[in-house]
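Student: Each chain is listed here by its residues.
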Amino acid sequence: MEPPDGGVTRRTFNSVAAAAAAGWILTACGPKRLYDVPTDRLKQAIADLERRYAEQFGTKVTVSGAQPLPNVEFAYALDISRCIGCRRCVYGCVDENNQSRDPQVQWIRVLQMEKGKGVDFSESNAYYDPELVPEEGHFYVPVQCQQCRNAPCTKVCPTGATWTERDGIVVIDYDWCIGCRYCMAACPYGARHFNWSEPTIPAGELNTSTHYLGNRPRPKGVVEKCTFCIQRTRAGRYPACVEVCPVGARKFGNLLDPDSEIRYIIEHKRVLVLKEELNTMPKFFYFYGT
Amino acid sequence: MKALIWTATGLMVAVGLAVAARQAPPSADAGRAAAQSSAAPPPQEQVEVPPPPFTEGIFPCSSCHADMPVDRTRRELGMHTEIELKHDEEHRWCLDCHNADDRDYLHLASGELVPFEESYRLCGQCHGEKYRDWRAGVHGRRTGEWNGHKKYLLCAHCHNPHAPRFAPIKPMPAPVPPETTVPRSRQGDANGAP
Numbered sequence: 001m002e003p004p005d006g007g008v009t010r011r012t013f014n015s016v017a018a019a020a021a022a023g024w025i026l027t028a029c030g031p032k033r034l035y036d037v038p039t040d041r042l043k044q045a046i047a048d049l050e051r052r053y054a055e056q057f058g059t060k061v062t063v064s065g066a067q068p069l070p071n072v073e074f075a076y077a078l079d080i081s082r083c084i085g086c087r088r089c090v091y092g093c094v095d096e097n098n099q100s101r102d103p104q105v106q107w108i109r110v111l112q113m114e115k116g117k118g119v120d121f122s123e124s125n126a127y128y129d130p131e132l133v134p135e136e137g138h139f140y141v142p143v144q145c146q147q148c149r150n151a152p153c154t155k156v157c158p159t160g161a162t163w164t165e166r167d168g169i170v171v172i173d174y175d176w177c178i179g180c181r182y183c184m185a186a187c188p189y190g191a192r193h194f195n196w197s198e199p200t201i202p203a204g205e206l207n208t209s210t211h212y213l214g215n216r217p218r219p220k221g222v223v224e225k226c227t228f229c230i231q232r233t234r235a236g237r238y239p240a241c242v243e244v245c246p247v248g249a250r251k252f253g254n255l256l257d258p259d260s261e262i263r264y265i266i267e268h269k270r271v272l273v274l275k276e277e278l279n280t281m282p283k284f285f286y287f288y289g290t
Numbered sequence: 001m002k003a004l005i006w007t008a009t010g011l012m013v014a015v016g017l018a019v020a021a022r023q024a025p026p027s028a029d030a031g032r033a034a035a036q037s038s039a040a041p042p043p044q045e046q047v048e049v050p051p052p053p054f055t056e057g058i059f060p061c062s063s064c065h066a067d068m069p070v071d072r073t074r075r076e077l078g079m080h081t082e083i084e085l086k087h088d089e090e091h092r093w094c095l096d097c098h099n100a101d102d103r104d105y106l107h108l109a110s111g112e113l114v115p116f117e118e119s120y121r122l123c124g125q126c127h128g129e130k131y132r133d134w135r136a137g138v139h140g141r142r143t144g145e146w147n148g149h150k151k152y153l154l155c156a157h158c159h160n161p162h163a164p165r166f167a168p169i170k171p172m173p174a175p176v177p178p179e180t181t182v183p184r185s186r187q188g189d190a191n192g193a194p
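Residue numbers (this note's numbering), protein chains in the order written: chain Z, 1 to 290; chain R, 1 to 194.
Hints were generated in silico from the structure; no laboratory data involved. Fair warning: there could be bad hints in the mix.
Stated by the list, open to error - 25 Å max Cα-Cα, derived SDA-like pairs, lysine to any residue:
1) 170/R <-> 150/R
2) 151/R <-> 72/Z
3) 86/R <-> 123/R
4) 150/R <-> 267/Z
5) 130/R <-> 271/Z
6) 269/Z <-> 147/R
7) 86/R <-> 100/R
Working from the sequences, and respecting the hints, build out all of it.
Tutor: Shown next, in the form of structure tokens:
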């Protein structure tokens with residue numbers, strides 16, 4: 001039936017209204033990625049998480065939503081000439097970042113290499129287990145997320161669940177990760193880890209100081225990785241692995257601060273990055289302190 | 001507990017210094033006065049460090065050494081037998097670093113006295129490159145905040161000054177190889193299913 005004044009028909013109006021409603025439902029419902037949620041919505045999400053964790057673990061868990069600091073770009077440097085391969089960093093990281101103990105998830109992997117062969121992954125061994133370290137004729141290269149500037153992992157994510165923050169930390173929103181593991185295939189450093197089953201953390205060992213994009217307890221079926229201890233570093237502290245290293249081989253700081261340790265290392269030491277030829281441009285540097 | 005020990009050590013050092021200052025013979029006084037005026041480094045040189053890691057009850061050294069005659073010969077010591085010198089021991093002996101006339105101080109090659117709190121200046125005489133890196137926060141460990149207040153550790157907090165090379169240590173357990181990443185609680189199921 002044609003309306004006499006040539007206006008909108010009932011049918012057109014209903015169709016447009018239905019399409020608009022469907023669009024609104026598709027875009028506005030469900031969890032939001034942290035980078036595009038309004039502040040009040042984020043507060044709500046954090047409150048919900050804290051309540052859920054309190055029920056799950058029977059203790060108060062704080063979830064921080066701290067944003068990147070202005071004029072900060074984080075970088076890391078590791079002194080290969082000093083590392084003795086003691087793996088204190090590995091377990092310091094597990095405790096700080098609530099990684100699953102069983103099945104075992106470890107964000108840092110220490111590779112033992114032979115001195116004669118240089119940094120060669122095909123000749124490396126992560127399962128060395130002697131009585132004492134360092135072993136004669138060997139050196140050690142701990143590998144964790146290299147926080148690439150040109151990160152391959154963030155480009156392949158089909159849901160936008162992983163991205164680079166303004167302070168240079170590559171983060172994962174566990175609520176958006178669908179567990180497809182494309183990012184794990186894309187990462188040339190083996191730095192991303194998948195929760196194949198429900199993570200287990202012994203009662204009382206949970207670190208209750210967490211960050212939304214970092215060490216908050218994860219569910220089964222999501223990918224996780226090193227975040228430069230986002231919950232600590234955005235509050236001014238050093239990452240846990242830096243503090244726990246017994247030989248002081250691990251250094252951390254702000255790349256944009258000319259007086260930082262990182263800048264001193266880059267300007268004065270022999271520095272290398274892993275798999276430079278892939279053009280991933282890591283912000284995790286290795287250097288020779290001697 | 002740790003804080004308590006540090007506090008106690010700090011108190012001991014303070015009390016020890018006060019006692020030493022009162023009891024020392026007048027001949028050493030002039031030396032110490034000179035030391036204290038020259039030992040204070042210029043402000044940009046000063047760094048904040050925790051108290052030196054003394055063995056409990058060993059400081060002030062003068063509480064025993066003040067009345068003892070100085071014997072500079074290399075010999076088997078009757079005391080301090082737990083110290084095994086492995087630090088260029090062929091060329092060095094106690095009094096190359098420790099000050100003979102006032103044992104509560106170390107001394108530089110120039111003869112300038114330095115308190116134990118500034119022992120890094122003594123180490124830096126030979127290990128200049130390491131000293132430079134340490135000042136930049138690159139050699140050794142620093143605690144504090146990456147964008148704020150930082151504290152240094154003395155060389156002696158990590159290296160035993162008498163045998164500075166690190167002893168090998170036991171590594172933490174190796175990771176579980178991938179084929180056994182089935183939860184340990186579910187390994188050995190009758191059906192063998194992961």
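Student: None of the hints should be skipped; say for each whether it holds.
Tutor: The hints, checked one at a time:
{"no.": "1", "hint": "170/R <-> 150/R", "result": "30 Å, violated"}
{"no.": "2", "hint": "151/R <-> 72/Z", "result": "21 Å, holds"}
{"no.": "3", "hint": "86/R <-> 123/R", "result": "15 Å, holds"}
{"no.": "4", "hint": "150/R <-> 267/Z", "result": "21 Å, holds"}
{"no.": "5", "hint": "130/R <-> 271/Z", "result": "17 Å, holds"}
{"no.": "6", "hint": "269/Z <-> 147/R", "result": "22 Å, holds"}
{"no.": "7", "hint": "86/R <-> 100/R", "result": "21 Å, holds"}
Hint 1 alone, counting from the list given before, is not met by this structure.
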